[in-house]
Amino acid sequence: MNASLGAVLALGSGYLLLLFICALAVERGWIPTRIARHPVVYTLALGTYASAWAIYGSLELAGSAGYGYLAYYLGVAGAFLLAPVLLVPIQRMTRTYQLASLADLFAFRFRSRWVGTLITLVSLLAVLPLLALQVQTLGDTIQLLTGSASPALLALAFCALIALFAILFGARHTRLHARHDTLLAAIALESLVKLVAMLALGGFALFVVFNGPGDLQAWLDGPGRLAQAGVNHLDPAQWRTLLLLFFAAAFLMPHMFHITFAETLSRRTLLQAAWALPLFLLLMALPVPLILWAAQRLGVDAAGLGSAYLAYGLSESLWLQGVVFIAGLAATSGTMIIISLALSGMILNHLVLVAHPPVDQPDLYHWLRWLRRALIGAVIFAGWLFYRLVGVNHDLTTLGLVAFIGMAQCLPGMLALLYWPGANRKGMVSGLTAGVLVWLAGSWVPLLTDLPAQVLLPPGLEALAGQPDWYVVTIVSLAANILTFILVSLLTPTSDGERAAAEACSVDAVIRPKRLPLVAGNGEEFKYHLARALGEEVAGREVDRALTDLGLSPLDGRPYALRRLRDRIQANLSGLMGPSVAQDLVDRHLPYRRGGLEPTDDIHFVESRLEAYRTRLTGLARELDGLRRYHRRILTRLPVGLCAFGVDDELLMWNDALAELTGIDGASVVGSRRDSLPPPWNDLLGRMFLEHHDHLYKQSVRLDGTTRYLSLHKAELTADEDIRGGTVVLVEDHSEMKWLEDELVHAARLASIGQLAAGVAHEIGNPVTGISSLAQNLRYDTDDPEVLETATQIQQLTDRISRIVESLVGFAHGGRHVAGQAFAPVSLAEVTDEALHLIHLARSGEDIHYRNRCPAGLEVEGDAQRLLQVMVNLLGNARDASVPGGEVIVEAGRQGEWLHVTVTDQGHGIAEHVRDHLFEPFTTTKPPGEGTGLGLPLVYSIIAEHGGQIDIDSPPPGQAQGTRIHLWLPLNTEHGDPTDEPDPDR
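Going by the numbering used here, 935 is the number at position 935 of the sequence shown; the sequence numbering is gapless.
The set of hints was computed from the structure by calculation and includes no laboratory data.
Just so we're clear, the structure is a prediction, and the values are computed from it rather than from any experiment.
Take these hints with a grain of salt, some might be off.
[Unchecked claim] Below are the SDA-like pairs computed for lysine to any residue, each with C-alpha atoms no more than 25 Å apart in a straight line: (1) Lys714 - Glu732; (2) Lys698 - Leu744; (3) Lys426 - His713; (4) Lys738 - Asp704; (5) Lys426 - Pro446; (6) Lys426 - Asp450; (7) Lys698 - Val640; (8) Lys738 - His693; (9) Lys714 - Asn682; (10) Lys714 - Asp784; (11) Lys714 - Leu690; (12) Lys698 - Ala719; (13) Lys738 - Gly705; (14) Lys738 - His713; (15) Lys714 - Thr769; (16) Lys738 - Asn873; (17) Lys714 - Glu763; (18) Lys426 - Leu490.
[Claimed, not checked] Simulated DEER-style distance windows between Cβ atoms: (19) Pro213 - Ala374: 30 to 40 Å; (20) Arg851 - Gly896: 18 to 28 Å; (21) Gly78 - Ser553: 47 to 57 Å; (22) Leu690 - His631: 25 to 35 Å.
Think of the CB as a built atom: it goes at the ideal place given N, C-alpha and C, for glycine as much as any other residue.
Let the hints inform the model, and build the full structure from the sequences given.
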């Protein structure tokens, strides 16, 4: 090769500079967010799986195993095609519980910080050979291009640039689960670059080295047949084993776990990647055999050049060699960046913070950020160091297989995590330890020494003798892992915490947390307790963040709300320092209050989770959930108020009718203790519980400034092994019934008073008649002017008394018009005067001015007493609606054969929704207890008996407020022929 060292450095540095510019463009907003977060960008970012193995290792494997190289691509394609049942459940858990790595997930499921530590150590040991593979390709290609005597130092320089990029754009967030749009865009660009480069190399091989597909086929059928005869094709068992290794690597490798779950946009995006990523990998895989065949046709010396680097022998052209170098650099840098980010987070959370918990750190966020940055550099340097000490002595296939076999040891634990709730911590640790020991003895011993693989074949696996070492190690290690895992899990007990976590992690997870009270009473007390571990600033920020996420108030003291707040804080801290440290910190500083009643399932939380999960239910589970939702809806929409309490007096349900009655939204009180409910409900419900009443009738309660009468009925739910206990309370609003009863009692009292008044009036009439007679006689017995004047005054006053008595007697005897009795001519002006006279006797509304503008000559056919009731009701309503100093005007006029009467007031008017129902019984605009809602229905009935009509304008046309009642009554026929009719629409 004849490239200069400066040219290679410039080419590599220029490419990395392009990545910096791309990341900066996204960060500064030069590239719109809709593009940076497009699903295509995410799919291309997943292409980080195609590491240097895809550029060089696949070529090396294709040369020795033929089409066996496709296992690298088909394995991951299979994993993503199974996304709905494999990747989506993992994504749900990582997003719900803020789990940023494989170690976080295992530590969460098996409830042990040491499990996370073990997974971190296994991942570190497995990833080191993969990192060394990336660095080795850098060193080898630099040496091939330049002939440099110190390629390792140049590779270290590129590693330093890659580490700088990872620190600048991958470690700006303190939280490991934060999304890095800039980083994803850069990784997507790298995937695009290596795809285009591989397709360009394939095109060069097909159309330049070969003269198209026909020439290629002719070569394969001729001279190429001899070259292919030397390939040792994999037998089916080895092929399936390779598929399994690459299948596991698709979601267990730290960089793939990070991209797939920590950086994902949504479930939909992941499902789109389930077909898009296999398509990308297919395009990456197609050029590999073309490059191999082209090198064989050209007679490239594989022994001298290296079978992994045959692409450099296709041409002496610098541009083609530059394309190969850029493809390898893109694959190497992308993989190293994501591995360093993912592995640094695992080391931080499960090694550093476990050994040195972050207690009393003056600036926790700053400390964690710089610690993570240092670990990023350390991981990349460790990869370079492993390359210098170990990797240079081995080919790419060996390094890659050691890495993939190591990560495959976590596969049994992952499958059990998803599908086997009975798996426990002891079984997983025992199985993983057994598998890792076999892997270390069979893969690391030959890697570090000149000794062969130290693997003993157990009974039953003697057929593996003589097979390749990687195949033997894979089968024996996974067999030891799985068998030990199953046996120990079956023989040892599972803790309550593990069972709860198993339910949370299983594919059909429906989490059932317990209803336990906390020592802290509200969000402010959370800050105080956490400040002892995190410091006041960090504790305040974390609690406020959790409160904002949940939409809660810092002073909300409901036990259910506090449990949700605790869980949210733990999830957020998991993203900051890992689930093990977060759980330990939360358990220590935000403990539950123990003692008292046996805790029960948090049914409200279970229902909320079922609502979120119901779209994924199928079969009988879907039918049962539909039945549950139907019954729940019945209770929620019940027209009677309903609330339910657990055995610990925690409120579990507050239906819509009760929310409307109380003005208290159910979401704001569900989860509260009974004694912490807003008044008067804490006292009212407390009396029913403490005094052991099953029924409380018509209890007087002040709601919204008015007195209402409520009846409560209680039902106890007896608990047994399968049914939760508790109490259900029905709340009925009997206010209208109570008011109607009071009005009926009042009406009966008035009726008695009316009868008494009639008798008293009759008795008063006799002496008044005598006084009137004496006054009349006195005028004939004297000529004294003063005496005559006094007699006249006495006569006038007795006449007034007589009119009052006659009005009282007439109104008391007024009733429904007797059917068949003829109507008589009635002067509406006189009826109005009489009604005004009675209204004045009430001694209320004396500051209202009344105007009777009815012409004296207009008469209607009707019952005088019934029409008097109409006018008394209408004038009384107008008086009650008027403000002090207002006017009530009664006017009448002829409209054909009808007398049109209006009663107008200057009050506030009638609301539109009430106006349409004003003539229905019990509809009233007056405050509770001041009106029965029967007056206007009575008016409507009387007017209908007279063959008339009634209508309301509120406000009247041309006025801003007030009400006008329109009456149409048939005129006395003596007043002429009809000339007009009332509006039939009224």
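May I ask which of the numbered hints given earlier this structure violates, with the numbers listed in increasing order? Result: hints 3, 5, 6, 10, 12, 15, 17 and 19 break, sorted rising.
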